[in-house]
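Trainee: So the protein lines, in turn, are chains A and B.
Going by this note's numbering, the first residue of the first sequence is number 1, and it counts up by one from there.
Going by this note's numbering, the first residue of the second sequence is number 1, and it counts up by one from there.
None of these hints come from the bench; they were simulated from the model.
Don't take every hint at face value.
[Claimed, not checked] Taking lysine to aspartate or glutamate pairs in the DMTMM-like style, the calculated list, with each CA pair at most 25 angstroms apart, reads:
#1 B:K161 to A:D35
#2 A:K155 to A:D117
#3 B:K161 to A:E92
#4 B:K161 to B:E171
#5 A:K301 to A:E280
#6 A:K391 to A:D223
#7 B:K110 to B:E303
#8 B:K208 to B:D48
#9 A:K398 to A:E359
#10 A:K190 to A:D215
#11 A:K4 to B:D290
#12 A:K139 to A:E168
#13 A:K301 to A:E321
#14 A:K398 to A:D215
#15 B:K231 to A:E48
#16 A:K115 to A:E48
#17 A:K139 to A:D117
#18 A:K155 to A:E168
#19 A:K214 to A:E359
#20 A:K391 to A:D405
#21 A:K440 to B:D248
#22 B:K161 to A:D130
#23 A:K491 to A:D405
#24 B:K161 to A:E48
#25 A:K4 to B:D48
#26 A:K508 to A:D405
#27 A:K491 to A:D514
#28 A:K398 to A:E478
#29 A:K473 to A:D400
#30 B:K110 to B:E298
#31 A:K139 to B:E157
Note that this is a predicted model, so its numbers are computed, not measured.
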Amino acid sequence: MSVKLFASLLESLVYTPSRNGKLRLLRHWFATAPDPDRGVGLAALAGELALKTAKPALVRDLVAGRTDPTLLALSHDYVGDFAETVALIWPERPGANQPPPGLAEVVELLELTSKADLPELIASWLDVLDASARFALIKLVTGGLRVGASARLAKTALAEWSGTALDEIEEVWHGVAPPYIPLFRWLEGKGPRPDPNGAPVFRPLMLAHPLEEKDFAALHAADWRAEWKWDGIRVQVTSGPGGARLWSRGGEDVSASFPDLAPSLTFHAVLDGELLVVREGEVAPFADLQQRLNRKAPGAKLQQQHPAMIRLYDILMDGEEDLRSLPFDARRARLEAWFARERPPLMDVSPLIPFSSMEELAAIRDGARAASIEGLMLKRADSAYVPGRVKGLWWKWKRDPLTIDAVLMYAQRGHGKRSSFYSDFTFGLWRGEELVPIGKAYSGYTDEELLWLDRWIRNNTTARFGPVREVEKELVLEVAFDAAQRSGRHKSGVALRFPRIARIRRDKPASEADRLETLMATIPD
Amino acid sequence: MLSPHPETWLCTRPEGLYCKPGDFFVDPVRPVPRAVITHGHSDHARPDHGAVLATHETLVIMRARMGKDRAGRVQQEIPYGEVLEINGVRVTLRPAGHVLGSAQVVMEWKGSRAVVSGDYKRRSDPTCAPFEPVPCDVFVTEATFALPVFRHPDPAEEIGKLLHSVALFPERTHVIGCYALGKAQRLIALLREAGWDRPVPLHGALMKLCRLYEELGVPLGPLEPATVANKALFVGNIVLAPPSAIQDRWARRLAEPVPCLASGWMRVRQRARQGGVELPLVISDHADWDELLDTCAEVQAPEIWITHGRDEALIHALAQRGQRGRALHLVGLGDDEIEDEPGGGE
Ligand SMILES: [Zn+2]
Ligand SMILES: [Zn+2]
Numbered sequence: 001m002s003v004k005l006f007a008s009l010l011e012s013l014v015y016t017p018s019r020n021g022k023l024r025l026l027r028h029w030f031a032t033a034p035d036p037d038r039g040v041g042l043a044a045l046a047g048e049l050a051l052k053t054a055k056p057a058l059v060r061d062l063v064a065g066r067t068d069p070t071l072l073a074l075s076h077d078y079v080g081d082f083a084e085t086v087a088l089i090w091p092e093r094p095g096a097n098q099p100p101p102g103l104a105e106v107v108e109l110l111e112l113t114s115k116a117d118l119p120e121l122i123a124s125w126l127d128v129l130d131a132s133a134r135f136a137l138i139k140l141v142t143g144g145l146r147v148g149a150s151a152r153l154a155k156t157a158l159a160e161w162s163g164t165a166l167d168e169i170e171e172v173w174h175g176v177a178p179p180y181i182p183l184f185r186w187l188e189g190k191g192p193r194p195d196p197n198g199a200p201v202f203r204p205l206m207l208a209h210p211l212e213e214k215d216f217a218a219l220h221a222a223d224w225r226a227e228w229k230w231d232g233i234r235v236q237v238t239s240g241p242g243g244a245r246l247w248s249r250g251g252e253d254v255s256a257s258f259p260d261l262a263p264s265l266t267f268h269a270v271l272d273g274e275l276l277v278v279r280e281g282e283v284a285p286f287a288d289l290q291q292r293l294n295r296k297a298p299g300a301k302l303q304q305q306h307p308a309m310i311r312l313y314d315i316l317m318d319g320e321e322d323l324r325s326l327p328f329d330a331r332r333a334r335l336e337a338w339f340a341r342e343r344p345p346l347m348d349v350s351p352l353i354p355f356s357s358m359e360e361l362a363a364i365r366d367g368a369r370a371a372s373i374e375g376l377m378l379k380r381a382d383s384a385y386v387p388g389r390v391k392g393l394w395w396k397w398k399r400d401p402l403t404i405d406a407v408l409m410y411a412q413r414g415h416g417k418r419s420s421f422y423s424d425f426t427f428g429l430w431r432g433e434e435l436v437p438i439g440k441a442y443s444g445y446t447d448e449e450l451l452w453l454d455r456w457i458r459n460n461t462t463a464r465f466g467p468v469r470e471v472e473k474e475l476v477l478e479v480a481f482d483a484a485q486r487s488g489r490h491k492s493g494v495a496l497r498f499p500r501i502a503r504i505r506r507d508k509p510a511s512e513a514d515r516l517e518t519l520m521a522t523i524p525d
Numbered sequence: 001m002l003s004p005h006p007e008t009w010l011c012t013r014p015e016g017l018y019c020k021p022g023d024f025f026v027d028p029v030r031p032v033p034r035a036v037i038t039h040g041h042s043d044h045a046r047p048d049h050g051a052v053l054a055t056h057e058t059l060v061i062m063r064a065r066m067g068k069d070r071a072g073r074v075q076q077e078i079p080y081g082e083v084l085e086i087n088g089v090r091v092t093l094r095p096a097g098h099v100l101g102s103a104q105v106v107m108e109w110k111g112s113r114a115v116v117s118g119d120y121k122r123r124s125d126p127t128c129a130p131f132e133p134v135p136c137d138v139f140v141t142e143a144t145f146a147l148p149v150f151r152h153p154d155p156a157e158e159i160g161k162l163l164h165s166v167a168l169f170p171e172r173t174h175v176i177g178c179y180a181l182g183k184a185q186r187l188i189a190l191l192r193e194a195g196w197d198r199p200v201p202l203h204g205a206l207m208k209l210c211r212l213y214e215e216l217g218v219p220l221g222p223l224e225p226a227t228v229a230n231k232a233l234f235v236g237n238i239v240l241a242p243p244s245a246i247q248d249r250w251a252r253r254l255a256e257p258v259p260c261l262a263s264g265w266m267r268v269r270q271r272a273r274q275g276g277v278e279l280p281l282v283i284s285d286h287a288d289w290d291e292l293l294d295t296c297a298e299v300q301a302p303e304i305w306i307t308h309g310r311d312e313a314l315i316h317a318l319a320q321r322g323q324r325g326r327a328l329h330l331v332g333l334g335d336d337e338i339e340d341e342p343g344g345g346e
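Just chain B, with the same shape it has in the complex:
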């Protein structure tokens, strides 16, 4: 028997991507009765759903960010790799390598398989499990950095650039703008890997999630609140803060701050310079151009659905490789990790 094309059982609705036979949404943008959540970023994990299915880490993060009551009336954890049947649809979560707890949603129905990757990256990240490619009939991908100008350099090289600047300006504070979930912890882990063992002062908005990562078994070394009382700590140090704070009044407590921003967007000079960034760090938690194409090839899907981002270039390049691309134009994704951010969002 021919298995049904995923088109017949997976579709887009105003709420988001909907699995018809399973009667659930993946990363819906408004409250729904049943949702599978790929990861804790606020454009994917929204409050007030009925039942929520996600990894343990994602649920912990959701509860911390939106409160226990709003992270789903029923909250069901499922470990990576375990199969759950929902109305005949076999659902499995596989690591996406994006942030702690991030997962791809693998759905199988009548022998046809679709994988919704959420956000993902392919570089090694000491703070989360690596991406696992799953062969499928339809692969649903993001396209945040889907232009061939986006090729992320080795993050260790970017950290080297940062440490070189710290050595050159030992009396100043390097303040790195980064989002609170994932990027901050990965930066700290990368710094530790590079041998940076000083206490890292953190803006108040980052502290909670860093503590949470540590509770979930990701060691980050000594951290301190970047309060005015801790001023002595700032000289020659690396401080982490949300992107909106690095140029704001908050940064006045620091010692002649050097504003840095860690983001895949920093690859483009104009983007970097717009925000008054003095040290752009090209460190991203998303796949770059080559990784998007390689991943699409690895999962061997004849059809690639694109949730959001620069779909035009990706569809063009996929066509040349014999894969059919289709833009879903899902709204509300990829624009929420930022508020007043100089470099744009991820």
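With the rest of the complex left out, here is chain A:
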């Protein structure tokens, strides 16, 4: 029954919006699914299931042989997705009485079966499964499985289910492979800890807390080191005899998106830094980096026009030596020494910012206006490298947000707990007589403000499009954001970083909201 069980897990994951709900479903899977299906499912969830896949044409031919073409076309028209159409329309075979295959069996047979025999094999499975399992199977064999959960979430569920720290699972993760029998044995207390033996391993990152007014008052300049907070992507660089990887902050392998950095990774160390796109010494807008991240195999042109580099700020391992228990100052000295020795291309070291008082540091922060700098990082001089977000060791001290007064234009219902509230807001600025939408915000307000907004929207709706309501152009919202950047992809020509609702300006008439030109003028060319 396991393909069916796995299919219903996938279906529930897709329909369940809340993180906690997804975790509950995953824990239930780990607790109840039999081996080896349990681990094959985990591999599919973690995106680590390397499967020989069939072409969509195979499924097309199969279903064409069993259904009327007119009915198939009408059904496809109605359903939209072809795989789903096939799953639903596939005629059940009364008397096809074999038991449905297990998940591991499916994966194994796909590997072993010759191309010529594949259609018959797949058809025999479709005959004995129900619609939701047929859908999962078709997506699985054609390589289009979307699971509605990330690798990180699957591992978090694994940690919660087994009572093992997530960090410990991450440490061994890259030394285990599907169907993960030794991993499950270890997590259930029935076997030894798997040995990640030299393979590149993601080590959980040390994270910072946002610095608030009350925390700031207690800081003494002498205890702290400061760096710029770059608006890039946090990466961990792992390189050694077992191979080299770039890991995202969540432990995802993003190496494939940055082949231009691969020649730099010839050393043996684990480093922490920021991935940036830099042109002629200038850090490019975040959107440029995002384009690189979105491409799994970027072309030469993209690599050339969006050159990537890594700005280092910490060292976790030098060779086999684990430096994480050293204080920050000692690690920093090791990082600088390591860098002087290795001189890896396309990397540099994020400079320390000298300061002698907290007041001086505050002035430095206020003076930073470049879009590539989000503010400052404060790191305790004597802090070890501790995974996770331990309060009081690292602070992120973002510069004050910029604000604009914008007019609410559209509202949409939120998800999960917020699904009964209009909680996603599209707002715009004036250009001449017309309002131009410039962004969306779905945070920043208090519960009370949300209730008020929800009521206001219901009472001031002028049109409805599905879940979206258009409202009277009367309500002014003060919107805070971290940076504004020019963007060709937006009608307004501008994109905001992290817009959120700072205040509802009931006092202000819509005609006095900000103008688009005013915002554009604040963006450096």
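Fit chain B with the ligands to the supplied structure of chain A, relying on the hints for placement.
Mentor: Coordinates of chain B with the ligands only, in the frame set by chain A:
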């Protein structure tokens, strides 16, 4: 003597399907002097007709929904199977298996027989009498789910899915969107069959018809109004509400509600996901694709008339089976059990 083709005495008019010699309409969409009503759903049973002929249950439901005065100036009950002559047309009502009191209208004139099925289903339903196929010359059917992608699973399996989710999220409220007449009561009956004996909290809009079902002899077990005062009842429970309420302010009283929707449309993911449904339940009071075709075959009618729905696919499939399909394109049917419903109507 050759009997007349039903075409000659049964036709469509703007008001709906009209029997000429009998001078009455079946499920007319606007007020007419004489109407036969198949069942109480508001797209079939409209107010302010002159004389209304229907089953006892349908008339009780109509009076409850539209008020005694608007359910027909003259209201005539007729039990299933009893023959009534109207201007030489023999009229009989047979169970349609759709909701309590639902009936097919069997009409015979000069040896020719037409059956108007209204809405119908073929699955067993503890809350109403099962569909009885009647051989005929013309069978008038709906085509709500007339695409081969619509094959309703066993409702007991869907209830199993629901109870599994309730067990997995014992601190949350599962709130099922369902229409007030038929679906709500069938869901409760299915839950009872599955051994669910807790009091079922109901949205105010569902209570009246559930009470009515009980008065008409369909036991539903303990029911409670889902009021804020009954909040303690919601944890880990299954609450029923109209589809428009499950995502609305009303649902805020519930404990971290899991929005569910019970409808044949839930078979298609995109339809289910549009409305933010977290647990789609494919439970329908209409025939699915196979049941439509099987029923058309069982009644042995050479001609099938289709009132509303996806007639194109059904006509195509009937042609391959040697039955002639004809689309009547009746307006106003199949779109009224819903208001602002995420999943569409039945
Ligand atoms: Zn109906
Ligand atoms: Zn209907």
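Trainee: Run every hint past the structure and note whether it holds.
Mentor: How the hints compare with the structure:
As the CA atoms of K161 (chain B) and D35 (chain A) are separated by approximately 23 angstroms, the hinted pair is consistent with the 25 angstroms bound. For the hint linking K155 (chain A) to D117 (chain A), the alpha-carbon distance of about 36 angstroms lies beyond 25 angstroms, and the restraint is violated. Between K161 (chain B) and E92 (chain A), the direct Cα distance comes to roughly 21 angstroms. Compliance with the 25 angstroms bound is thereby established for this hinted pair. Simply put, K161 (chain B) and E171 (chain B) have alpha-carbon atoms about 17 angstroms apart, close enough for the 25 angstroms limit, and the pair holds.
Only pairs whose Cα atoms come within 25 angstroms are accepted, and K301 (chain A) paired with E280 (chain A) is accepted, the gap being roughly 17 angstroms. With a CA separation close to 15 angstroms, the supplied pair K391 (chain A) and D223 (chain A) stays within the 25 angstroms bound. Annotation: proposed proximity of K110 (chain B) to E303 (chain B) holds, straight-line Cα distance about 18 angstroms (limit 25 angstroms). At most 25 angstroms may separate the alpha-carbon atoms for a hinted pair to count; K208 (chain B) and D48 (chain B) meet this at roughly 22 angstroms.
Using a Cα cut-off of 25 angstroms, the hinted pair K398 (chain A) and E359 (chain A) holds, with the two alpha carbons roughly 15 angstroms apart. Note on K190 (chain A) and D215 (chain A): the hinted pairing is violated, with a Cα-Cα distance of about 45 angstroms set against a maximum of 25 angstroms. Restraint check for K4 (chain A) and D290 (chain B): satisfied, since their Cα atoms lie roughly 23 angstroms apart, inside the 25 angstroms limit. At most 25 angstroms may separate the alpha-carbon atoms for a hinted pair to count; K139 (chain A) and E168 (chain A) exceed this at roughly 32 angstroms.
Our distance criterion of 25 angstroms between C-alpha atoms is broken by K301 (chain A) and E321 (chain A), whose separation comes to about 39 angstroms. Only pairs whose Cα atoms come within 25 angstroms are accepted, and K398 (chain A) paired with D215 (chain A) is accepted, the gap being roughly 14 angstroms. For the hint pairing K231 (chain B) with E48 (chain A), the CA-to-CA distance comes to about 45 angstroms; that exceeds 25 angstroms, so the pair is violated. With a CA separation close to 23 angstroms, the supplied pair K115 (chain A) and E48 (chain A) stays within the 25 angstroms bound.
A distance of roughly 19 angstroms separates the Cα atoms of K139 (chain A) and D117 (chain A); the hinted pair therefore holds under the 25 angstroms criterion. The straight-line distance between the Cα atoms of K155 (chain A) and E168 (chain A) is roughly 10 angstroms, inside the 25 angstroms bound, and the hint therefore holds. Straight-line distance between C-alpha atoms of K214 (chain A) and E359 (chain A) comes to about 15 angstroms, which keeps the hinted pair within the 25 angstroms bound. Annotation: proposed proximity of K391 (chain A) to D405 (chain A) is violated, straight-line Cα distance about 34 angstroms (limit 25 angstroms).
With a C-alpha separation of about 22 angstroms, the suggested pairing of K440 (chain A) with D248 (chain B) holds against the 25 angstroms cut-off. Proximity of K161 (chain B) to D130 (chain A) is assessed by CA-CA distance (about 14 angstroms); at most 25 angstroms being required, the pair is judged to hold. Of the supplied pair hints, the one linking K491 (chain A) and D405 (chain A) holds, its CA atoms being roughly 19 angstroms apart against a limit of 25 angstroms. Of the supplied pair hints, the one linking K161 (chain B) and E48 (chain A) is violated, its CA atoms being roughly 29 angstroms apart against a limit of 25 angstroms.
The suggested pairing of K4 (chain A) with D48 (chain B) is violated, with an alpha-carbon distance near 51 angstroms, which exceeds 25 angstroms. Under the criterion of a C-alpha separation no larger than 25 angstroms, the hint pairing K508 (chain A) with D405 (chain A) is consistent with the structure, at around 9 angstroms. Only pairs whose Cα atoms come within 25 angstroms are accepted, and K491 (chain A) paired with D514 (chain A) is accepted, the gap being roughly 17 angstroms. A C-alpha spacing of about 19 angstroms is found between K398 (chain A) and E478 (chain A), which places the hinted pair at or below 25 angstroms, so the restraint holds.
In summary, the hint linking K473 (chain A) to D400 (chain A) is not supported, as the alpha carbons are separated by about 28 angstroms, beyond the 25 angstroms threshold. Pair hint K110 (chain B) plus E298 (chain B) holds up; C-alpha atoms about 23 angstroms apart against a cutoff of 25 angstroms. A C-alpha spacing of about 24 angstroms is found between K139 (chain A) and E157 (chain B), which places the hinted pair at or below 25 angstroms, so the restraint holds.
The structure is inconsistent with the numbered hints 2, 10, 12, 13, 15, 20, 24, 25, 29, although it conforms to all the rest.
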